[in-house]
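K.L.:
So the protein sequences, as listed, match chains A and B.
Counted the way our numbering counts, the first sequence spans residues 3 to 371.
Counted the way our numbering counts, the second sequence spans residues 3 to 371.
The set of hints was computed from the structure by calculation and includes no laboratory data.
Any given hint could turn out to be false.
If several chains are the same, the list does not tell them apart, and a pair holds so long as it fits within one copy or across any two.
[Stated by the list, open to error] Capping the alpha-carbon separation at 30 Å, the derived lysine-lysine pairs in DSBU-like fashion look like this: (1) Lys-225 - Lys-84; (2) Lys-12 - Lys-132; (3) Lys-225 - Lys-176; (4) Lys-291 - Lys-53; (5) Lys-324 - Lys-132; (6) Lys-11 - Lys-109; (7) Lys-53 - Lys-15; (8) Lys-53 - Lys-324; (9) Lys-84 - Lys-204; (10) Lys-84 - Lys-12.
2 protein chains.
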Amino acid sequence: MSVTYELVKKCSKTGARAGRLHTPHGTFDTPIFMPVGTQATVKAMSPDELKDMGAGIILSNTYHLYLRPGHELVAEAGGLHKFMNWDRGILTDSGGFQVFSLGALRKITEEGVTFRSHIDGSKHFLSPEKATEVQMALGSDIIMAFDECVPYPADHDYARKSTERTTRWAERCKETHTRADQALFGIVQGGMYKDLRSMSAKDLVSLDFPGYAVGGLSVGEPKPLMYEMLEHTVPLLPEGKPRYLMGVGTPDCLVEGVMHGIDMFDCVFPTRVARNGTVMTRSGRLVVKNAEYAKDFRPLDDTCSCYACRNFSRAYIRHLFKTDEIFGLRLTTIHNLHFLLNFMREMRKAILEDRFVDFRQEFLAQFIR
Amino acid sequence: MSVTYELVKKCSKTGARAGRLHTPHGTFDTPIFMPVGTQATVKAMSPDELKDMGAGIILSNTYHLYLRPGHELVAEAGGLHKFMNWDRGILTDSGGFQVFSLGALRKITEEGVTFRSHIDGSKHFLSPEKATEVQMALGSDIIMAFDECVPYPADHDYARKSTERTTRWAERCKETHTRADQALFGIVQGGMYKDLRSMSAKDLVSLDFPGYAVGGLSVGEPKPLMYEMLEHTVPLLPEGKPRYLMGVGTPDCLVEGVMHGIDMFDCVFPTRVARNGTVMTRSGRLVVKNAEYAKDFRPLDDTCSCYACRNFSRAYIRHLFKTDEIFGLRLTTIHNLHFLLNFMREMRKAILEDRFVDFRQEFLAQFIR
Numbered sequence: 003m004s005v006t007y008e009l010v011k012k013c014s015k016t017g018a019r020a021g022r023l024h025t026p027h028g029t030f031d032t033p034i035f036m037p038v039g040t041q042a043t044v045k046a047m048s049p050d051e052l053k054d055m056g057a058g059i060i061l062s063n064t065y066h067l068y069l070r071p072g073h074e075l076v077a078e079a080g081g082l083h084k085f086m087n088w089d090r091g092i093l094t095d096s097g098g099f100q101v102f103s104l105g106a107l108r109k110i111t112e113e114g115v116t117f118r119s120h121i122d123g124s125k126h127f128l129s130p131e132k133a134t135e136v137q138m139a140l141g142s143d144i145i146m147a148f149d150e151c152v153p154y155p156a157d158h159d160y161a162r163k164s165t166e167r168t169t170r171w172a173e174r175c176k177e178t179h180t181r182a183d184q185a186l187f188g189i190v191q192g193g194m195y196k197d198l199r200s201m202s203a204k205d206l207v208s209l210d211f212p213g214y215a216v217g218g219l220s221v222g223e224p225k226p227l228m229y230e231m232l233e234h235t236v237p238l239l240p241e242g243k244p245r246y247l248m249g250v251g252t253p254d255c256l257v258e259g260v261m262h263g264i265d266m267f268d269c270v271f272p273t274r275v276a277r278n279g280t281v282m283t284r285s286g287r288l289v290v291k292n293a294e295y296a297k298d299f300r301p302l303d304d305t306c307s308c309y310a311c312r313n314f315s316r317a318y319i320r321h322l323f324k325t326d327e328i329f330g331l332r333l334t335t336i337h338n339l340h341f342l343l344n345f346m347r348e349m350r351k352a353i354l355e356d357r358f359v360d361f362r363q364e365f366l367a368q369f370i371r
Numbered sequence: 003m004s005v006t007y008e009l010v011k012k013c014s015k016t017g018a019r020a021g022r023l024h025t026p027h028g029t030f031d032t033p034i035f036m037p038v039g040t041q042a043t044v045k046a047m048s049p050d051e052l053k054d055m056g057a058g059i060i061l062s063n064t065y066h067l068y069l070r071p072g073h074e075l076v077a078e079a080g081g082l083h084k085f086m087n088w089d090r091g092i093l094t095d096s097g098g099f100q101v102f103s104l105g106a107l108r109k110i111t112e113e114g115v116t117f118r119s120h121i122d123g124s125k126h127f128l129s130p131e132k133a134t135e136v137q138m139a140l141g142s143d144i145i146m147a148f149d150e151c152v153p154y155p156a157d158h159d160y161a162r163k164s165t166e167r168t169t170r171w172a173e174r175c176k177e178t179h180t181r182a183d184q185a186l187f188g189i190v191q192g193g194m195y196k197d198l199r200s201m202s203a204k205d206l207v208s209l210d211f212p213g214y215a216v217g218g219l220s221v222g223e224p225k226p227l228m229y230e231m232l233e234h235t236v237p238l239l240p241e242g243k244p245r246y247l248m249g250v251g252t253p254d255c256l257v258e259g260v261m262h263g264i265d266m267f268d269c270v271f272p273t274r275v276a277r278n279g280t281v282m283t284r285s286g287r288l289v290v291k292n293a294e295y296a297k298d299f300r301p302l303d304d305t306c307s308c309y310a311c312r313n314f315s316r317a318y319i320r321h322l323f324k325t326d327e328i329f330g331l332r333l334t335t336i337h338n339l340h341f342l343l344n345f346m347r348e349m350r351k352a353i354l355e356d357r358f359v360d361f362r363q364e365f366l367a368q369f370i371r
């Protein structure tokens with residue numbers, strides 16, 4: 003198998019686990035946070051900067067790359083790794099989340115989804131087969147099955163029908179997928195219904211994917227409900243395969259996800275808020291544009307060892323934001339990604355030393371929002 | 003003296019010369035191109051990237067820093083070098099060029115210039131004394147006298163009066179300037195009139211500045227006229243002092259400037275056009291956004307060794323521009339600055355090997371615009 007999971011250590015009190023993910027582009031420690039590079043670039047970052055902060059796998063978006071520059075062009079360039087000069091891991095989503103998000107611009111049938119481009123209104127069709135072919139052309143290490151992310155709220159009937167279709171689609175993805183150098187992951191749906199989560203997990207596990215995502219969470223539901231769904235769902239997944247919680251990236255949710263046995267995460271949160279001048283710290287957030295930092299010559303976070311914190315002050319970074327200078331959002335992006343990657347490393351260390359429960363409690367005690 | 007010029011080699015056929023500029027923040031080879039960091043950052047670049055491409059001195063703008071974040075704040079931060087984490091050379095202009103450019107927003111008297119901020123309309127006053135004090139607070143290695151850049155066209159009478167005032171202002175700057183660790187350069191004006199250029203140069207040289215700029219060129223006049231003024235003016239300046247041609251940065255003008263004996267240049271051109279997707283090459287320019295590069299997997303310039311050209315294709319960089327990704331303009335900025343800095347190194351090598359005339363002819367033969 004092209005992508006395999008190696009379990010290194012289990013927490014003795016929770017579902018948390020430390021492991022390694024072996025991929026055709028390297029082996030990466032888990033739990034892992036994957037920075038999002040929607041359009042074949044992690045916004046404002048260079049590949050070298052990502053490596054410097056220890057990034058292993060990044061996520062890129064099939065919907066966006068299919069529209070621009072087009073998967074054929076990426077294939078012609080030698081694949082996504084070569085196109086964007088990134089020789090570590092890449093996971094691509096299936097495009098399902100984006101096309102379903104188009105609302106009035108899309109139409110769903112059993113066959114697939116017809117949609118109009120958010121860029122120029124042109125008409126397109128994505129299906130399990132097409133989404134898989136596009137991702138095979140991109141050549142990412144991990145590709146995702148084409149699914150519907152059940153919206154929140156959804157009634158049981160809708161959630162059931164959608165989840166059953168997602169499973170049928172996952173089967174069609176599997177039949178289409180032929181690249182031996184990439185792994186196709188299934189996505190567990192089921193909305194906020196435990197019986198549907200059970201059904202989805204059972205059906206997908208019987209299809210024997212090399213990895214499983216938990217989808218349809220962090221879509222607007224209260225956090226306790228998300229945690230409840232995780233607690234219910236993750237134990238239904240095989241221990242020997244990697245588990246990926248899609249779209250989650252705030253520190254509190256990462257800790258809870260890890261506690262429930264999740265190995266992989268992605269989220270636009272750290273990079274998106276960085277570009278608005280919001281900086282992540284252990285105790286919450288710092289809005290560096292605020293006037294209070296005008297003459298604050300301390301680093302963004304004095305416990306941080308990132309390039310931004312080693313070399314620049316809050317006052318300077320605030321100045322860059324006030325004057326709309328690109329270097330400002332480069333620095334906050336570096337900091338936020340470094341912060342999250344480091345946070346994952348600290349969680350892994352705590353698991354290895356079997357003190358994850360203490361780590362979690364100390365973290366939650368000082369985290370404000 | 004805090005800044006001194008060391009003449010290393012003179013071209014046997016032209017005024018071109020290779021030298022070294024010794025400053026409190028290092029010694030730099032001349033002729034040199036200084037990237038522009040208007041607001042305490044070279045747009046889109048990190049200090050490390052500038053160092054990687056061999057940048058020595060950068061230019062920053064007094065007018066902008068005076069308004070935001072304010073020179074007192076920069077002084078409180080420990081000076082401009084520390085504020086922006088740049089430990090090589092910094093030259094600041096005097097703010098004169100910017101306040102005179104404000105047109106209806108400014109009023110000139112013998113005392114100085116009253117102007118309104120382009121940001122919030124607030125009222126300010128810059129004089130030779132104030133501009134010098136601001137630059138002393140910033141702590142740049144080289145500061146410029148407060149002058150009026152004679153507009154083009156200007157009649158002889160206006161140009162004469164303005165140039166005479168610039169000389170009186172230069173004297174006041176010199177009287178105000180007290181920092182031993184920075185050098186105050188005088189600026190030769192005189193418009194497009196040789197007699198006024200002679201007068202300005204003579205008067206300023208008698209004030210014995212540690213370096214001289216030629217100002218008021220590249221302001222809309224035909225290039226041959228600029229070259230004529232250079233040919234007339236530069237020989238009037240002392241051989242043992244550095245000579246700086248302000249606001250010039252296209253390859254053809256750089257070659258001609260060097261030929262006439264200029265040591266230092268600055269211009270926003272390479273960084274500004276880079277952000278619009280225009281890339282500098284030996285033969286002219288390449289607009290990487292153009293459709294013809296969509297499937298062009300060659301580097302921007304296959305003779306270039308910059309980070310962008312070593313690692314990314316035209317097709318990828320075009321994709322980044324088409325999708326408004328910041329990394330695109332980072333790459334074109336790196337390329338353009340690297341290109342110009344390398345171009346200066348090549349000119350210096352040609353001077354050292356006494357083949358500058360051949361170098362110039364070969365360059366002009368292939369340069370299109």
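K.L.:
Run every hint past the structure and note whether it holds.
P.N.:
For each hint, the structure was consulted:
1. When the C-alpha separation of Lys-225 and Lys-84 is checked against a cutoff of 30 Å, the pair qualifies neither within a copy, at 38 Å, nor between copies, at 44 Å.
2. Proximity of Lys-12 to Lys-132 under the C-alpha cut-off of 30 Å is found in neither arrangement, the shortest distances being 38 Å within a copy and 67 Å between copies.
3. For the identical chains of this complex, Lys-225 and Lys-176 are neighbours neither inside a copy (32 Å) nor across copies (66 Å), given an alpha-carbon limit of 30 Å.
4. Proximity of Lys-291 and Lys-53 under a CA criterion of 30 Å is satisfied in both settings, with 27 Å inside one chain copy and 28 Å between copies.
5. Only between protomers do Lys-324 and Lys-132 lie at most 30 Å apart by alpha-carbon distance; the minimum there is 24 Å, versus 45 Å within a single protomer.
6. Proximity of Lys-11 and Lys-109 under a CA criterion of 30 Å is satisfied in neither setting, with 45 Å inside one chain copy and 73 Å between copies.
7. Taking identical chains as interchangeable, the C-alpha atoms of Lys-53 and Lys-15 are never at most 30 Å apart, the minima being 33 Å within one chain and 50 Å between chains.
8. When the C-alpha separation of Lys-53 and Lys-324 is checked against a cutoff of 30 Å, the pair qualifies both within a copy, at 29 Å, and between copies, at 25 Å.
9. Taking identical chains as interchangeable, the C-alpha atoms of Lys-84 and Lys-204 are never at most 30 Å apart, the minima being 37 Å within one chain and 59 Å between chains.
10. In this assembly of identical chains, the alpha carbons of Lys-84 and Lys-12 never lie at most 30 Å apart, being 36 Å within a copy and 47 Å across copies at closest.
Violation of the numbered hints given earlier is confined to hints 1, 2, 3, 6, 7, 9, 10; the remaining hints are satisfied by the structure.
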